[in-house]
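K.L.:
Protein chains in written order, with UniProt numbering: chain A, 1 to 309; chain B, 1 to 290.
Quick caveat, the hints were computed from the structure, so don't treat them as lab data.
Do not rely on the hints blindly, as some may be mistaken.
[To be verified] Chain A regions said to be covered by chain B (calculated; three or more residues, Cβ under 8 Å):
1) 176 to 182
2) 245 to 255
[What the hints assert, rightly or not] Here are the simulated distance ranges between beta carbons:
3) A:Trp171 <-> B:Ala174: 48 to 54 Å
4) B:Ala168 <-> A:Ala61: 55 to 61 Å
5) A:Trp87 <-> B:Arg27: 49 to 55 Å
[As the list claims (entries may be wrong)] Examples of chain B residues toward chain A, derived with CB under 7 Å:
6) Gly44
7) Gly92
8) His93
9) Ala96
10) Arg108
11) Phe110
12) Leu120
13) Val121
14) Ala122
15) His124
16) Leu127
17) Thr191
18) Ile194
19) Lys273
20) Val274
C-beta: ideal position from N, C-alpha, C; glycine also.
Take a look at the letters that make up each chain.
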Amino acid sequence: MSASYALQQLINGISLGMIYGLIAVGYTMVYGIIGMINFAHGDIFMIGAFVSLIALLLLGAGAGLEGPAALLLALPFAMAITALHGWTVERIAYRPLRGSFRLAPLISAIGMSILLQNYVQVSQGARVKPIEPVLAGGIEIARFGEEVVTLSWIRITIVLTTLCALAALTWLVTRTPLGRAMRACEQDLKMAALLGIDTDRTISLTFVIGAALAAVAGAMYLLFYGVIDFFIGFVAGVKAFTAAVLGGIGSLPGAVLGGLLIGLIETAWQAYAPQHLTPYKDVAAFSILALTLIFLPTGLLGRAEVEKV
Amino acid sequence: MAEARADAAAPPAGRDLILEVRELTMRFGGLLAVDQVSFAADRGRITALIGPNGAGKTTVFNCITGFYRPTAGAILLRDAAGGVAELQGRPGHRIARAGVARTFQNTRLFPGMTALENLLVAQHVPLMAATGFGIGAVLGLSRYPRAERAAIEKARAWLDATGLLDRADDPAGALPYGAQRRLEIARAMCTEPILLCLDEPAAGLNPRESEELSALLLAIRDGQAAGRGRGCSILLIEHDMGVVMRISDRVVVLDHGRKIADGTPEQVRADPKVIAAYLGEGDEGEEDAA
Numbered sequence: 001m002s003a004s005y006a007l008q009q010l011i012n013g014i015s016l017g018m019i020y021g022l023i024a025v026g027y028t029m030v031y032g033i034i035g036m037i038n039f040a041h042g043d044i045f046m047i048g049a050f051v052s053l054i055a056l057l058l059l060g061a062g063a064g065l066e067g068p069a070a071l072l073l074a075l076p077f078a079m080a081i082t083a084l085h086g087w088t089v090e091r092i093a094y095r096p097l098r099g100s101f102r103l104a105p106l107i108s109a110i111g112m113s114i115l116l117q118n119y120v121q122v123s124q125g126a127r128v129k130p131i132e133p134v135l136a137g138g139i140e141i142a143r144f145g146e147e148v149v150t151l152s153w154i155r156i157t158i159v160l161t162t163l164c165a166l167a168a169l170t171w172l173v174t175r176t177p178l179g180r181a182m183r184a185c186e187q188d189l190k191m192a193a194l195l196g197i198d199t200d201r202t203i204s205l206t207f208v209i210g211a212a213l214a215a216v217a218g219a220m221y222l223l224f225y226g227v228i229d230f231f232i233g234f235v236a237g238v239k240a241f242t243a244a245v246l247g248g249i250g251s252l253p254g255a256v257l258g259g260l261l262i263g264l265i266e267t268a269w270q271a272y273a274p275q276h277l278t279p280y281k282d283v284a285a286f287s288i289l290a291l292t293l294i295f296l297p298t299g300l301l302g303r304a305e306v307e308k309v
Numbered sequence: 001m002a003e004a005r006a007d008a009a010a011p012p013a014g015r016d017l018i019l020e021v022r023e024l025t026m027r028f029g030g031l032l033a034v035d036q037v038s039f040a041a042d043r044g045r046i047t048a049l050i051g052p053n054g055a056g057k058t059t060v061f062n063c064i065t066g067f068y069r070p071t072a073g074a075i076l077l078r079d080a081a082g083g084v085a086e087l088q089g090r091p092g093h094r095i096a097r098a099g100v101a102r103t104f105q106n107t108r109l110f111p112g113m114t115a116l117e118n119l120l121v122a123q124h125v126p127l128m129a130a131t132g133f134g135i136g137a138v139l140g141l142s143r144y145p146r147a148e149r150a151a152i153e154k155a156r157a158w159l160d161a162t163g164l165l166d167r168a169d170d171p172a173g174a175l176p177y178g179a180q181r182r183l184e185i186a187r188a189m190c191t192e193p194i195l196l197c198l199d200e201p202a203a204g205l206n207p208r209e210s211e212e213l214s215a216l217l218l219a220i221r222d223g224q225a226a227g228r229g230r231g232c233s234i235l236l237i238e239h240d241m242g243v244v245m246r247i248s249d250r251v252v253v254l255d256h257g258r259k260i261a262d263g264t265p266e267q268v269r270a271d272p273k274v275i276a277a278y279l280g281e282g283d284e285g286e287e288d289a290a
């Protein structure tokens, strides 16, 4: 295999990894603040992809808008609608169960996941939905003799958009009162309430932010693969969950790092595994989940769980 | 804020009460932890809640600050303007916004945040209001940076008052024990409470530190700490009788979930029932209760 092939795969792996990282952030934020795995998060991501698709098609057919302009309009729209879904799921399926036994919201989350899948299947149909490439072409970044490595505009958009979203999230968490409240709730929910912080609202906003980031990931996934269906949330969700566990659940940088690693491993598997094994690329991700849980339960950047009294 | 019933709103003659606890009862299954306890705390004064271990002091605190929902009874908070708020059964953040702040027997700081950040979290409510609930901060409105500067200034004043100014940027979890206790008081004061509830603030402090603590609490009561200019009523649970007798204006004694005495430190110290509760009379085999 040539160097150009390797470089091209590296670019693919990073773009895919950034998408997983964005979804993983949603898992990790919710886990950090209420100690619950939101299994419906993958389907929130799928909703984000569908809303982006609908927005792009409407902008294309209705207003004749295409390319970057359409994307720039579709993205905030998808974020808003998906955030509304995230908020609603928390409000109706998790909040009433807060203070119940630990397994209750988990089961409720699995129920929400199935509900969201079926809701999209019924309203949008079960067939895969393709879209014309939103951005065409790219720039040539390296040449090895005859072989040319190009960086497509789509890859560039994916990496830049996710970086912007992550930068915005970092700013929000470290610099604003809302972020401070989120960190305080993460460390001691009850104490945060005693200082006047409305913890229910802070938790709601965490879901809203996680869902908005998942919408960005959904839009980027749509650009990356060009097709989506109602079931993409399951596999992508489990991979992002794996990324969050690998990076150390509860850690934001860990989620992004885990996402990048999963993206790179998956791409490497597809590119270099023996021909008859390439269809099993998902096995790689799930093996990592099992191995991490056995040998590195706190993840790469996670901290040991301190039992609160 | 739900106004209390008309009969409850009438203040008792002679005393300006900030907190009134009426027939408070807290039952955990078969255990009666607090049994029809009534007492009151005066505005601008320090009221101490004392009693042997297991007397129900912390349970009373937990009812006042919304950790527990009392089985029966009423807890009334009166602000300076005469408004009355019923605290029992309210969620914790509503009680905090009504003006009650508390500290814990085992400190509950946010260990991963710096000392300064801990004090900024306590000012979350005014800061969020200044940002227009997050929207203003995103739009870069000028009101927010000003509010943030004011919040940092107040936090630094409290760090100064508690002798922690040079540790402002250290993680709260890395501070020595005594410093964590002072930081917790500073954090409670940053919520601008009208009633400060302290659960054993002197526990584990050496004599010099408890001396400093007493001075700090008196300064908080009189509004001289951190240039606040406004006094703050204090309710405290304390085992260190030196501290209790030195700073309390009024002492309430609990034993086995019941109130057994209520008065000035001198009256309480001379009360035979209190002496019996602390030393044990031997008639019920309860020597080791204290």
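K.L.:
In ascending order, which of the hints set out earlier in this document are inconsistent with the structure?
P.N.:
2, 3, 5, 6, 18, 19, 20
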